[in-house]
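K.L.:
Single-letter residue listing:
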Amino acid sequence: MAIKVSLKTLRGPLARKVREMSGEDPNMCFQCGLCAGSCPMTGEMEIYTRKVMHMLQLGQADAVLAQRMAYLCASCHTCQVRCPRGIDIPKVVEALRLITLRAGENFLAPEAIPKDRLKEMPQAAIVAGLRKFTG
Amino acid sequence: MSTTVPVESLTSQKIPIFIMGKKYIVPDSLTIMKAMEYAGFKFIRGAGCRGGICGACGTVYRKPGDYRIHVGLACQTMVEPEMYLTQLPFYPANRASYDWAAIEATGEAVGELYPELFRCVACNACTKICPMDVEVMDYIAALKRGDLAAAMEISFNCIQCGLCASRCMGELPQYHIAQLARRLYGGKLAPETPHLEAMVKKIADGYYQEKLDELKKMSADELKKLYQEREMEPHQAEEHWTPKNDVGL
Amino acid sequence: MSIGYYPGCTLKTKARNLEDSALACLRALGIEATELPRWNCCGAVFSLADDDLIHQVAPVRDLIRARDEGHDRLTTLCSMCYNTLARANLLMRDDEEKRKTLNLFMDEETDYAGEVEVQHYLDLLRTDVGWDKLRATVKKPLEGLRIAGYYGCTLVRPREITVAPTLFNDFLAALGAEVVDFPESTVCCSSYQILSAEGAALEASAKVLRGATTHKIDALAMSCPVCEYNLGKRQADVRAKFQDVGEIPTFYFTQLLAVALGLPLEDLGLKQNEKSSEELLRARNLIAAA
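Chains as they are written, first to last, in this note's numbering: chain A, -17 to 117; chain B, 113 to 361; chain C, 118 to 407.
The following block holds chain A by itself, in its conformation from the complex (with noise of 0.2 Å):
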């Protein structure tokens, strides 16, 4: 199937919307794939950062918030650190995750944590994970 792909859907609102709410510009990413190879939580990802960019480049917006990844993003700023353009990734995944969680989607209920789990967890955890998966 064809993309479509105009100054439109380059410039569309998903795109600003991103680089309001990160401050990074997507199309800065020269999609060399470093951050995808460095990321420790490809395990589950449908796809992974350097691909997003490369659909946040082209307007994709639907395709993109469906994705889970966001959700998986660790926050552990590897891809940040090596990035060669220096691009704050962390910064665009956290702008997908809370375009979502605004919009009154989230991504864990609380109560839906086994309780077995939450009594034995460090806070830490429990604060980090509903801060990111909770609006």
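Accuracy of the hints is not assured; some may be wrong.
[What the hints assert, rightly or not] Taking lysine-lysine pairs in the DSSO-like style, the calculated list, with each CA pair at most 30 Å apart, reads:
no.	chain 1	residue 1	chain 2	residue 2
1	C	Lys324	A	Lys73
2	A	Lys73	A	Lys(-10)
3	C	Lys217	A	Lys73
4	C	Lys215	A	Lys(-1)
[What the hints assert, rightly or not] Far from chain C by the CB rule (all over 10 Å, computed), these chain A residues:
no.	residue
5	Ser(-12)
6	Thr(-9)
7	Arg(-2)
8	Ala48
9	Phe89
[Unchecked claim] Which residues of chain C face chain A? A few of them, derived with a C-beta cut under 10 Å, are:
no.	residue
10	Cys159
11	Ala161
12	His172
13	Thr227
14	Arg274
15	Pro275
16	Phe299
17	Pro300
18	Ser307
19	Gly316
20	Leu319
21	Val325
In case anyone wonders, no lab produced these hints; they're calculated from the structure.
Think of the CB as a built atom: it goes at the ideal place given N, C-alpha and C, for glycine as much as any other residue.
Keeping the supplied structure of chain A fixed, place chains B and C upon it in accordance with the hints.
P.N.:
Just chains B and C now, kept in the frame of chain A:
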């Protein structure tokens, strides 16, 4: 014999206040609750003890030229000119069920029942809205780190009005969480007081049995006489006041 | 001027061993750091959105508490707290508009402009004790123990707040250990992902532990309760899934410091670690036999 004095004849001004957006002219010598009744409102909810402790009459209001949200108990707060108010007699908040015998008095137990506890972002909106000046944010912070004793102390004056929950960014039911903490502390952590235990045993061993048996034999008239002639603590009693009659002690 | 101590929520319960050993060591080393009398959860993670200010309030409030107590430095043990507090501090220093807005919002607090310095405990050892002096103070050198410092993520990324790249190594060397550096020492353990993506999280932890196994490391020293949970408490789950991961005892760096300083057993908090940690120390005669 009591005399009724018309409210208008007291030295008070008539001032405008806005109740749910509608203007009413009321005497400024009244509390919000009395002013609302003066204006014709009849309370079937949002009024209770009228004494500042039941938590039924939480009221939020604004003042002209001031962006702040002000709060007070309607039964305790005097009206002010141009006050712009509404009552929040109730705010929905889920209360968790638990098995008292099984639950442990730990922070983890509180977190298990209320995982939203960890959504607190320390915005302080709760503390700011509390009509009893309870430091809500601080007791939530204490519970996040498992300190039930501190949470008990800090939340002690809570009257369960629910205003904190209405403002909470993290959607926590703070006052339910605090009540759980206080119950756990009081029932499972606080040291037992020996004199209480001793008294309970005394009573169980029949200390009051004779007196109770006597009372049971009395007629209604005799009981009424006994009640009306009882010794009462004076309204302005000294701290060390004790009854002359030491029956029952 | 004085040093404030910010514990973070986890250190009062789940990571008591980190706090207890750390405070005992401060006393032994003659460093005074006072716990803030009033503090709140810092949020554990730094908010990464430019238009989000509410999540900066929590860490900034703690910095205000430190400043109000008259401290010029705030030290912390939990790496995640360190990261969040340090970055929030930089935000208040560098971003005038956000500083103004946050100060305006927190109208019940006094204004804050980044007056306090956030310093991780490991770095505090470097500046206020020094490695030579620390080495001289060690009573029980961790001789023959192949230990690697597991830096994790939040101590070293992003660059603006990183501790010195060999900080952990220098620390362990001062304790007399055989310092092992391994490539996975800065690879993420998966952090909070253990909450929702357990499979991928255990896989990430496995990468770290596999590296430790390959490099024949005796023990990992770390500074973060979430790392300790993933790599320590959940190690059994990792090993059940990945047979090429060996058993690696894990410690908080302050527990190893306490051992080296010859502090009593009750200061070590080893009961909260996995059994393998205490067993290792006994086997190497670093603590008394049971």
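K.L.:
Which earlier hints can't be squared with this structure?
P.N.:
9, 13, 16 and 17
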